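Q: As a plain string of letters, each chain reads:
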Amino acid sequence: MKRPPMWRRIQRMLGPDLAEDAEDELQHHIEQRTRELIDRGMAPEAAREEALRRFGDVERVRREVVEIDRTVARRRGLAAAMGELWQDMRLSARSMRRNRGFAVAAVLTLALGIGANLAVFSALNSVMLRPLPFSDPDGLVMLWEENPERNWHMETVAASNMLDWRERVAAFTDVAAYASFDDRMALTGEGAAPQIVTATEITGNFFSVLGVAPVAGRVFRFEETWDDSERGAVLSYDAWQRSYGGDPDAIGQSMRLDGDDFRVIGVLPPNFRYPGSAADVWLNIGWSREAYADPSFRRAHWLRAVARLAPGATLEQAEAELSAVANQLEAEYPNTNRLMGAGLTPLQEFLVGDVSRMLVVVLAAVGLLLILACANVGNLLLVKSLGRRREMAVRTALGAGRWRLVRQTFAESLLLSAAGAALGLLFALGFTRTLGAMAGETIPGIAAALAFDGRFAAYLGLVTFGSTLVFGTIPALVASRPDFGDMLNEGGRSGGQGRGGRRAAGTLVACEVALALLLVTGAALLTQSFLQLQRVDPGFDPEGVLTATISLPQARYETDEQVVAAYDELRSRAEGLPGVQRVAAVRQLPMTSPSWSSDFSVEGRPPDEYGVEVLHREVTPGYFDALRVPLLRGRAITDADRAGATPVVVINEALADLHFRDADPIGARIAFSRAPDDDATWWTVVGVVGNERQGSPAEPVRTEIFAPVAQDVSRGMNLVIRTAADPSALIAPLRQVVQDFDAELVLDNVRTMADVRNAATAREEFLSLIFGFFAAVAIALSVVGVYGVMAQSIRARQKEIGIRLALGAARLRVVTLLARYSLGVVLAGIAAGLVAVVVSAEVLAALLYDIAPRDPVTLASTALLLLLVGLASAAVPALRAGRTDPAVVLRED
Amino acid sequence: MAARDLELLRGTLDVLILKTLSWGPAHGYAVASWIESVTGEALRIEEGSLYPALHRLERRGWVESEWGLSDNNRRAKYYELTEEGRRALQAESNSWSRFAEAVGLVLAARHGPHSVRPS
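Chains as they are written, first to last, in my numbering: chain F, 10 to 902; chain L, 301 to 419.
Some hints could be false.
Stated by the list, open to error - Facing chain L, a subset of chain F residues (Cβ under 10 angstroms, in silico):
id, residue
1, Arg44
2, Ile47
3, Glu73
4, Val75
5, Asp462
To be verified - Cβ pair distances, simulated, as ranges:
id, chain 1, residue 1, chain 2, residue 2, range
6, L, Glu383, F, Leu471, 42 to 50 angstroms
7, L, Val406, F, Ala28, 40 to 48 angstroms
8, F, Ala88, L, Glu346, 32 to 40 angstroms
9, L, Pro325, F, Val113, 47 to 55 angstroms
10, F, Leu27, L, Pro325, 19 to 27 angstroms
11, L, Gly361, F, Ala373, 54 to 62 angstroms
12, F, Leu486, L, Ser393, 56 to 64 angstroms
13, L, Gly361, F, Leu471, 26 to 34 angstroms
14, F, Leu471, L, Arg375, 48 to 56 angstroms
Honestly, the hints are just simulated from the structure, not real lab data. None of the values given here were measured: they were computed from a predicted structure. Virtual Cβ for every residue (Gly too), placed ideally from N, Cα, C.
Please model the complete structure; the sequences and the hints are all you need to start from.
A: Here it is in structure tokens:
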């Protein structure tokens, strides 16, 4: 007999062939009728004709019948599939109930892995994947300047340059700018308790370039960039709620910020956010039209510029036009724009790219952790399915198809993942809060709650089904292959495992060890990097110092003399507090991001001989004392350095080394200009101090100049208070001092200098903590894995062990024999892990400081650590086996 | 033929089939022969139309089918009345009798209708 073709057989499997069945049924009728007519004496030919005539249109009837049956089959097929699925699920649930310990262990392991993944993905989703809440955010680009001579890349831009790009680059429909730093300002007014708000200055077209419409009032117009229009404030939705209780009448009211009046003109929508900005109010920047022509408008780089691409303009086109204009400007303004280039980056990439890259690394790590968890669960399932060989055999004998058994195994895995995912969601709620707390300032915009959306749901589905596939495949394979089962059978009848099963389990455990090695290495590298950064000498002594920001509003401290007098008075009052040793002020604290830099030249030297740029800070007398920055040469700044006296500066060691080399810098005169003209102010160097780290400890020390605030006045300063006691105990008395001095002044950013120092390495700390946590979990999981596979293989060889012991083998020898197999598995895992580390090392490179991503010492130590952990977890069951009483074992079975 | 007549015919055919199967499982040809033998030439139906009717009854759950061997050892599809089908037959035959009775009464009437004029 000819076998029906393959497709036919498959079709048969899927269900009956309706057309064929209908044909058979109808032909049966016609044949019967024909036979009857023949029996009555008709000729066969005529009989068949008569039968067909009586029947009618066979083809039509057949089609009609098939059509009816098809609807029946469809209904039945669905019902049957649901029924089988339900049955699978019920069987699985029953099997879980029987193995409650297994189910709990598996679900918990998965829930941990899935929960951690969901939390990290949610963070990544809220920071990176969610589009910015602007209209057509893809059409927005960040413009920046670069200057090889000054070592600038993606730098802030100068006001005049930005305004010229706006006029000249056709590929931009508009260019707006905002101050690259926020101002913390005291909000006061009728009936309002003084509070500090964060304010950002913007050009008038900022919100129209972003395409953000207000929910109340209006936003600025470009014309309001200039100081001939009224100063206005656009409130964030939160600030509107907080300060005005969401009152629409707030629009048009006047609010006082640092003593100046601003008219509230509009409120932003509640979902508005600008990554990296915490602004409560947005103020029009108020440039004077005349100042626009001033060189300082082209020299000072302090703005971030956002442009909207013209319709149809590509990034490349816009970038080319922008550079061409930058070249024109360089030719037109050689004094300020020498070597000044410009470039652009898509806005979202610029704002969150850095954080996103870090989160992607964390997500990769947490993904590895989930795979590790899956390997563990797979191992548990494998052990369990080997134990259920007999059940499977019985069910096969009773006619359960092989496919059915595979499906059954997968149903069980899916049930586990689903339970794991459900519990994982709960865990994720907690993890998200922890993650948010740990990340703090290092991940701006990280959501404190799980961000549920389509992408999150898709990721949830992916990890759930992905995990099922990862840990469900091997047990399903075991279920599907009777030959595999046969191989298993050789293990003997008492729950042994056999070579095949052991190989599968060994592979899983080796994978676990490899993944654990990868995670532990990552943690070790990041932790070393963090410790390295902590070890960096900041150049000052952060212990015992309290700091706070204070700003003297122009309205009440109009003249330089008033500002200087106020700081003198505040300092002397604070110095009267018990335990306080020294009080000073500085415009910017070390180890925060340095912002002000100046052009620079030395008297009697050709311009540009020693570079062009130095950082530039103003200090009160006593600053170096208060922070214990060592004075290396000359003198520090004193109370005698006031307005009218000879302008003096103190320079840092880096500047002395770089620009003065062997010459004595004391007495040299410098100007904050590249090409000093006759009006230039010359500052005499009176001292050299040790290097402070100005920014992150990972960055090299930059050359720096300190000027007395009395000669170079600044309204916003940071108080620096050294005390013999606990600095945080000073907070309340200090607030009182300031309150008594001027009730409208508000202290802001009150924190200890140690906190400032820690904040500079917060990201590294976050990474090393989270990786450390992952590594610990990874080690725990692989301990369980190695222990499990070892215990299983010992149970399989219990009899052999008994015989060996009975025959007088030394216990130690038995133990080593048993350990040898585990050692092989662990070593294979370590080898694979090392390869993975070497291959993937570059991922971490950007996050590491002063340590190579393939640091051999780290690699060797983590490999050794895992080897020891592996051996220890194998040794426990092996030693126990070594202690078995041969008599007991041999009597069994 | 008007759709109403077809409907009537179908309903009639369903009742006949159910009644036939109430004696026991049968294949399509057996159903057709039995109806033929009982009604003689009185009800000439197209034999083919029996099959869609059978399958429709199966879809409604009034009959069940199973493949079996016929008397001459040939594969044949047997139909059997379900419990639901039995109840349906009861209901259908009752209403059919009432219908037939009503038609009978009309046909046996001696007086024609009187026209009533509005005064």
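Q: Now, for every hint given, state plainly whether the structure supports it.
A: Each hint, compared with the structure:
no. : hint                                    : result
1   : Arg44                                   : holds (8 angstroms)
2   : Ile47                                   : violated (13 angstroms)
3   : Glu73                                   : holds (5 angstroms)
4   : Val75                                   : holds (9 angstroms)
5   : Asp462                                  : violated (45 angstroms)
6   : L:Glu383 x F:Leu471: 42 to 50 angstroms : holds (49 angstroms)
7   : L:Val406 x F:Ala28: 40 to 48 angstroms  : holds (47 angstroms)
8   : F:Ala88 x L:Glu346: 32 to 40 angstroms  : holds (34 angstroms)
9   : L:Pro325 x F:Val113: 47 to 55 angstroms : holds (54 angstroms)
10  : F:Leu27 x L:Pro325: 19 to 27 angstroms  : holds (21 angstroms)
11  : L:Gly361 x F:Ala373: 54 to 62 angstroms : holds (57 angstroms)
12  : F:Leu486 x L:Ser393: 56 to 64 angstroms : holds (60 angstroms)
13  : L:Gly361 x F:Leu471: 26 to 34 angstroms : violated (42 angstroms)
14  : F:Leu471 x L:Arg375: 48 to 56 angstroms : holds (50 angstroms)
Consistency with the previously given hints fails for numbers 2, 5, 13, ordered from lowest to highest.
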